[in-house]
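For reference, the chains in residue letters:
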Amino acid sequence: AQTVTQSQPEMSVQEAETVTLSCTYDTSESDYYLFWYKQPPSRQMILVIRQEAYKQQNATENRFSVNFQKAAKSFSLKISDSQLGDAAMYFCAYRKVANKLIFGTGTLLAVQP
Amino acid sequence: SQTIHQWPATLVQPVGSPLSLECTVEGTSNPNLYWYRQAAGRGLQLLFYSVGIGQISSEVPQNLSASRPQDRQFILSSKKLLLSDSGFYLCAWSRDSHTDTQYFGPGTRLTVL
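Those protein sequences? They're chains A and B, same order as listed. The number in this note's numbering is simply the position in the first sequence, starting from 1, with 57 added. The number in this note's numbering is simply the position in the second sequence, starting from 1, with 64 added.
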């Protein structure tokens, strides 16, 4: 069965600095999708970034980028120029084609002013 | 643009009482719909998903049921709530089950006393 592991329950970063959140997953599939979702105190899940496994190029969305290492089954999220509004719980998620999302347990990110 | 609504936002119910949570999507047709539960400090667990009216798939045996009476309406129900049903319930939609991203509603916080 597929699993998603986030080994950092909590992280902290200074405002304007860069932070990297780790995620590893286990799968025997070659075609799948990976996501990072953000859950602020309002608790609504917000999509941050998405990566297709068949693409070698790392996805980027403004200050957010990923380091996708397919062979290592690693999918880390880098947040550059951290802002106070980035403080939230971040979930890594895996999805096999035509299948359900599997979430990690989350990393709580604090941003210090 | 598409929007997803959940009602109510917060609910406190006694053990043994019935439950009905509603999720509606606007701005799209024939979406795939999902119900997730998030226990305190945990990741998301998929409960049900639906690819069309009257088509419901259950992921986890439990005290809950789901129905899809209309194309863009998804309802989560229980005849008799248990204490363990407490949690944060999120509804999500996607355009198709193959490749598309899931987008989440604002959630319902359920407390069973």
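No wet-lab data here; the hints were simulated from the structure. Values in this document were obtained by computation on a predicted structure and should not be read as measured data. Careful, some of the hints might be misleading.
To be verified - Simulated restraints on C-beta separations: (1) A:K135 - B:S65: 46 to 52 angstroms; (2) B:T165 - A:S69: 36 to 42 angstroms; (3) A:L104 - B:Q109: 16 to 22 angstroms; (4) B:K144 - A:Q114: 29 to 35 angstroms; (5) B:R106 - A:I103: 41 to 47 angstroms; (6) B:S65 - A:K130: 19 to 25 angstroms.
To be verified - The list that follows gives simulated cross-link-like pairs (lysine to any residue, SDA-like), each with its CA atoms no further than 25 angstroms apart: (7) A:K112 - B:T165; (8) A:K135 - A:F121; (9) A:K157 - B:L177.
Ideal placement from N, C-alpha and C gives every residue a C-beta, glycine not left out.
Right, here's what the structure says about each hint:
Roughly 29 angstroms separates the CB atoms of A:K135 and B:S65, a value that falls outside the hinted 46 to 52 angstroms. In this structure the supplied range 36 to 42 angstroms is violated for B:T165 paired with A:S69, their Cβ-Cβ distance being about 29 angstroms. The given range of 16 to 22 angstroms is respected by A:L104 and B:Q109, whose C-beta atoms sit roughly 19 angstroms from each other. Range check, B:K144 to A:Q114: about 51 angstroms between beta-carbon atoms, so the 29 to 35 angstroms window is missed.
A C-beta distance of roughly 18 angstroms is found between B:R106 and A:I103, which places it outside the suggested range of 41 to 47 angstroms. As the Cβ distance of B:S65 to A:K130 is approximately 35 angstroms, the hint placing it in 19 to 25 angstroms is violated. Distance check on the hinted pair: A:K112 and B:T165 sit about 16 angstroms apart at the alpha-carbon level, within 25 angstroms; holds. Proximity of A:K135 to A:F121 is assessed by CA-CA distance (about 6 angstroms); at most 25 angstroms being required, the pair is judged to hold.
A C-alpha spacing of about 31 angstroms is found between A:K157 and B:L177, which places the hinted pair above 25 angstroms, so the restraint is violated.
When held up to the earlier numbered hints, the structure conflicts with 1, 2, 4, 5, 6, 9 and fits the remainder.
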